[in-house]
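Asker: As a plain string of letters, each chain reads:
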Amino acid sequence: MLLRHTPKEITERSALAINPAKTCQPIGAMYAALGIHGCLPHSHGSQGCCAYHRSALTRHYKEPVSAATSSFTEGASVFGGQANMLQAIDNIFAVYDPEIIAIHTTCLSETIGDDLKQIKKKAEAEGKIPKGKEIISCSTPSYVGSHVTGFSSMVTSMAKMAEPTGKKNGKLNIIPGWVEPADMEEIKRLVGLAGVKSILFPDTSGVLNGPLSGEYKMFPEGGTTVKELKSTGDSIGTLALGEWCSGEAARWLDAKMKVPCRVLDMPFGLSATDRFIDALRMIAGVSVPEEIALERGQLVDMISDMHQYLYHKKVALVGDPDQLLAMTEFLVSLDMCPIHIVTGTPGKKFEERIKEITKDMPFAVNVRAKGDMFLLHQWIKNEPVDLLIGNTYCKYIARDEDVPLVRWGFPILDRQGHQYFPTVGYKGGLRLLEKILGVLLDRLDRDAPEHSFELVM
Amino acid sequence: MATTKKKLVQWDPVRVKAELLAKYPSKVARKRAKQIMLNEALANETPEISANVRTTPGIITMRGCTYAGCKGVIMGPTRDIVNLVHGPIGCGFYAWLTRRNQTNAGPDGENYMNYCFSTDMQDSDIIFGGEKKLAQAIQEAYDLFHPRSIAVFATCPVGLIGDDIHTVAKRMKEKFGDCNVYAFSCEGYKGVSQSAGHHIANNQVFKHIVGENDAEKPGKYKINLLGEYNIGGDGFEIERIFKKCGITSIATFSGNSTYDQFASAHKADLNAVMCHRSINYVADMLETKFGIPWVKVNFIGADATAKSLRKIAQYFADQELVDLVEAVIAEEMPEVLAARTEVRTRTEGKTAMMFVGGSRAHHYKELFNEMGMKTISAGYEFGHRDDYEGRQVIPTLEVDADSRNIEEIHVEADETRYKPRKTPAEFKSLEEAGYTFKHYDGLVPDMDKGTIIIDDLNQYEAEKLVELMKPDIFCAGIKEKYSIQKLGVPMKQLHSYDSGGPYAGFKGAVNFYQEIDRLVNSRVWSYMQAPWQKNPELSAAYGWE
Numbered sequence: 179m180l181l182r183h184t185p186k187e188i189t190e191r192s193a194l195a196i197n198p199a200k201t202c203q204p205i206g207a208m209y210a211a212l213g214i215h216g217c218l219p220h221s222h223g224s225q226g227c228c229a230y231h232r233s234a235l236t237r238h239y240k241e242p243v244s245a246a247t248s249s250f251t252e253g254a255s256v257f258g259g260q261a262n263m264l265q266a267i268d269n270i271f272a273v274y275d276p277e278i279i280a281i282h283t284t285c286l287s288e289t290i291g292d293d294l295k296q297i298k299k300k301a302e303a304e305g306k307i308p309k310g311k312e313i314i315s316c317s318t319p320s321y322v323g324s325h326v327t328g329f330s331s332m333v334t335s336m337a338k339m340a341e342p343t344g345k346k347n348g349k350l351n352i353i354p355g356w357v358e359p360a361d362m363e364e365i366k367r368l369v370g371l372a373g374v375k376s377i378l379f380p381d382t383s384g385v386l387n388g389p390l391s392g393e394y395k396m397f398p399e400g401g402t403t404v405k406e407l408k409s410t411g412d413s414i415g416t417l418a419l420g421e422w423c424s425g426e427a428a429r430w431l432d433a434k435m436k437v438p439c440r441v442l443d444m445p446f447g448l449s450a451t452d453r454f455i456d457a458l459r460m461i462a463g464v465s466v467p468e469e470i471a472l473e474r475g476q477l478v479d480m481i482s483d484m485h486q487y488l489y490h491k492k493v494a495l496v497g498d499p500d501q502l503l504a505m506t507e508f509l510v511s512l513d514m515c516p517i518h519i520v521t522g523t524p525g526k527k528f529e530e531r532i533k534e535i536t537k538d539m540p541f542a543v544n545v546r547a548k549g550d551m552f553l554l555h556q557w558i559k560n561e562p563v564d565l566l567i568g569n570t571y572c573k574y575i576a577r578d579e580d581v582p583l584v585r586w587g588f589p590i591l592d593r594q595g596h597q598y599f600p601t602v603g604y605k606g607g608l609r610l611l612e613k614i615l616g617v618l619l620d621r622l623d624r625d626a627p628e629h630s631f632e633l634v635m
Numbered sequence: 004m005a006t007t008k009k010k011l012v013q014w015d016p017v018r019v020k021a022e023l024l025a026k027y028p029s030k031v032a033r034k035r036a037k038q039i040m041l042n043e044a045l046a047n048e049t050p051e052i053s054a055n056v057r058t059t060p061g062i063i064t065m066r067g068c069t070y071a072g073c074k075g076v077i078m079g080p081t082r083d084i085v086n087l088v089h090g091p092i093g094c095g096f097y098a099w100l101t102r103r104n105q106t107n108a109g110p111d112g113e114n115y116m117n118y119c120f121s122t123d124m125q126d127s128d129i130i131f132g133g134e135k136k137l138a139q140a141i142q143e144a145y146d147l148f149h150p151r152s153i154a155v156f157a158t159c160p161v162g163l164i165g166d167d168i169h170t171v172a173k174r175m176k177e178k179f180g181d182c183n184v185y186a187f188s189c190e191g192y193k194g195v196s197q198s199a200g201h202h203i204a205n206n207q208v209f210k211h212i213v214g215e216n217d218a219e220k221p222g223k224y225k226i227n228l229l230g231e232y233n234i235g236g237d238g239f240e241i242e243r244i245f246k247k248c249g250i251t252s253i254a255t256f257s258g259n260s261t262y263d264q265f266a267s268a269h270k271a272d273l274n275a276v277m278c279h280r281s282i283n284y285v286a287d288m289l290e291t292k293f294g295i296p297w298v299k300v301n302f303i304g305a306d307a308t309a310k311s312l313r314k315i316a317q318y319f320a321d322q323e324l325v326d327l328v329e330a331v332i333a334e335e336m337p338e339v340l341a342a343r344t345e346v347r348t349r350t351e352g353k354t355a356m357m358f359v360g361g362s363r364a365h366h367y368k369e370l371f372n373e374m375g376m377k378t379i380s381a382g383y384e385f386g387h388r389d390d391y392e393g394r395q396v397i398p399t400l401e402v403d404a405d406s407r408n409i410e411e412i413h414v415e416a417d418e419t420r421y422k423p424r425k426t427p428a429e430f431k432s433l434e435e436a437g438y439t440f441k442h443y444d445g446l447v448p449d450m451d452k453g454t455i456i457i458d459d460l461n462q463y464e465a466e467k468l469v470e471l472m473k474p475d476i477f478c479a480g481i482k483e484k485y486s487i488q489k490l491g492v493p494m495k496q497l498h499s500y501d502s503g504g505p506y507a508g509f510k511g512a513v514n515f516y517q518e519i520d521r522l523v524n525s526r527v528w529s530y531m532q533a534p535w536q537k538n539p540e541l542s543a544a545y546g547w548e
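Heads up: the sequence lines are chains A and B, in that order.
Residue 569 in this note's numbering sits at position 391 of the first sequence, with consecutive numbering throughout.
Residue 149 in this note's numbering sits at position 146 of the second sequence, with consecutive numbering throughout.
Hints in this document: simulated from the structure, not taken from any laboratory.
One or more of the hints may lead you astray.
[Said to hold, decoys possible] Only part of the chain A face toward chain B is listed, based on derived beta-carbon distances under 7 Å:
| id | residue |
| --- | --- |
| 1 | L180 |
| 2 | L181 |
| 3 | N197 |
| 4 | P198 |
| 5 | A229 |
| 6 | Y230 |
| 7 | S233 |
| 8 | A234 |
| 9 | E241 |
| 10 | P242 |
| 11 | A246 |
| 12 | E252 |
| 13 | Q265 |
| 14 | V273 |
| 15 | Y321 |
Note that the Cβ used here is the ideal one computed from N, Cα and C, for glycine as well.
Throw the hints in and build the complete structure from the sequences for me.
Answerer: Following this line, the structure appears as structure tokens:
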């Protein structure tokens, strides 16, 4: 048993977190910043954070992840990190020459109270920012929220780059939230199919799923350009996908730039994708092309074809709130039973929405925001499931409890595919369904007695 | 282009260094110049390198922090200690199962390796202090698991807000009575790299655990293996060889280790040091307090393994052990030599670069030598000058302002338990036979003339080096891996072994030969250009014309 010390009996813990279902803010800000073209993320703190965040993202994407750090020493930690940051700005522009530096903070610089805006002003005053280059920043204290919070904060800083010209650009802003590069590509494909012009931000496609060609580009072709980010204030509207990841940025553009927004769920599964396409159609005033309708029909077809293997199967889920809400709804729409749902990210709304989505389920549903995977495992011990969906850390529970696992979410450290094949949209729904059915049917095959080992499913 | 098979790229080290420095602002160039050393291999004197100095902000270093060196490296691999990280969630999360320290839960089945424990500090803990929460978390861990020991690790904000983790730990230890609780002030900003964390871990392990168990340990030829973390099962392979030779391992610091191993470490008669950087402090303290001498060993490379086994046998000066060691080497080597001969036809003359933590850049040179491969550039993230130049430079090292606050603990001979392991005459005769105690020669003397040694390599220099010197393989860590591979150069991780291993010992050598052969001779590096990119000048024509 890999997790042999996890008891079935659940005791309340008020201080000890075990096997977290979240990580800390800056990695989210780093991931978001990689979705800006020509951007070098910068971690204002001691260098360990930056090394860890780069490593975690690299292990997930199997791609280079560049980011710089202020490399605080003990002296800077006591007297402030301004000198470190100013030196870093000099060195970054001289050696790496990005278009833009996107700075985030850590618990260190937040605790000592470094003022990034003031440091930026000083850098400007001292002529440290070359002409045409940009610096943006956001505050990402690790002791608040989770990696999702950090992602949202950086996306909001990107929105704050908006410089409205007063002339509409005829485009729709789309904030995809923390999804994979392949998902961002898929969202762009759907929006393009619908004939809608858009600015998608952040956009890590072409950044974190690049080719091998014998050439290394620290700043690959992909990413939302600074020009596009400045133009978001001229857009006709904003579609934000995922309340936790994208809501704040969209509302900021709405309130401050008068770009009307709608905050939707992330388009995972049938219903959330339906609402996304429908909203797209209404906002842009276009009709949905036959091709999209066809993809939808294929997904419905597959659900009906394979329904017998899904019906009333119990599922445990762990991950980030926006993704989990859409996934839970998808599972319900498949007549599956999501019974244990945990996110490490705080937020009461999460529990409320899960309860709403699952209110007609034939089983009691355990849901916890600010929970951890130790609790999830205990729930599973008390009420076993047929399927587990979550990141790579779930493999320990999956093996101990002998439960089929679908890897989905962040981080996935031991498989590939997530960077290349989307799970959003109807196409992504087909892939999710294929993955779910794959592990369920593999299990049937593994366990079937010889006389009922079937050739045809 | 990397696709073309080139041999013996002409490069001039002086020019390479100049090119590396050319892009830097002058202040940075001056500093980096001291950290990039051309190995002149002078007869009596090794040129000096600047190391263990602060990282240049914004340079994109490979380095991590003190917490990583303490919790991640030294204390992480011990299976029956509950390692509780006091801080926001990230530090605990990122050190959760990401280093491949393998463990065998053993007969008692106690193994917390697969768990991540954290106090998950919130903003209220930053404002009002986290001591209460820490005490409560320790209590909850005790109630849930009843471990024999709980270790607490500080992260960046802990030092700033002034949580007194040592007092909390002490109080809880006294309260429990049957669980040793202690703390590590390994805030990430201390020192300039992981290295400070090693030192802090060494001090606390020595203060709080070593010597706690005075029970006699059975077995002959008792040694501690210091600085071996069982990445990819390296320690298991070394353990296998020790067993075969009749050598008793009392404690390993700290791969596949237990609390009791640390507690009994003073019962060994020799300390064999693998990773000098991370554990030389414990080696020195065990000698001072208990009289156990230490020697540097290296189990990376089959020849190095044989040499190290002989070194251990020579120390115990027992013919039975000497004979057994020779028999084991004779038994193990044929398979190794067969594999070596086989791959050498494909690896001979190829070149490697290695930039790894604080010891592997040196150790793995042995393996590359065995394959007929030449190491043309190497360096450490966080080695000190003694790791580069040898321990004879230690008296001349000056502790700079950034590392001054790392505690140096003073250890004295234990009044009752200090016991010299050899008579002065025995030491003398060993030394006359060429035996060197308490010494490590460092990386530099082993590097060829004209090679380039670089401390705290950064992303820009890594790329530039590869571009200028075109190695056949580049060895470093996960952060470097994919950018190097994009350049068309195979990259081997020598921290995680890319899920491979073991690479230590005899079986490990065979694994490594095969892995490097696979990498440097993979077909994939020939696929980078599509057919239409190889002959762009031809205009397309219909295939059937």
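Asker: Compare the structure with each hint and give your call.
Answerer: Right, here's what the structure says about each hint:
no.: 1; hint: L180; verdict: holds, 5 Å
no.: 2; hint: L181; verdict: holds, 6 Å
no.: 3; hint: N197; verdict: holds, 5 Å
no.: 4; hint: P198; verdict: holds, 5 Å
no.: 5; hint: A229; verdict: holds, 4 Å
no.: 6; hint: Y230; verdict: holds, 4 Å
no.: 7; hint: S233; verdict: holds, 5 Å
no.: 8; hint: A234; verdict: holds, 6 Å
no.: 9; hint: E241; verdict: holds, 5 Å
no.: 10; hint: P242; verdict: holds, 4 Å
no.: 11; hint: A246; verdict: holds, 5 Å
no.: 12; hint: E252; verdict: holds, 5 Å
no.: 13; hint: Q265; verdict: holds, 4 Å
no.: 14; hint: V273; verdict: holds, 5 Å
no.: 15; hint: Y321; verdict: holds, 4 Å
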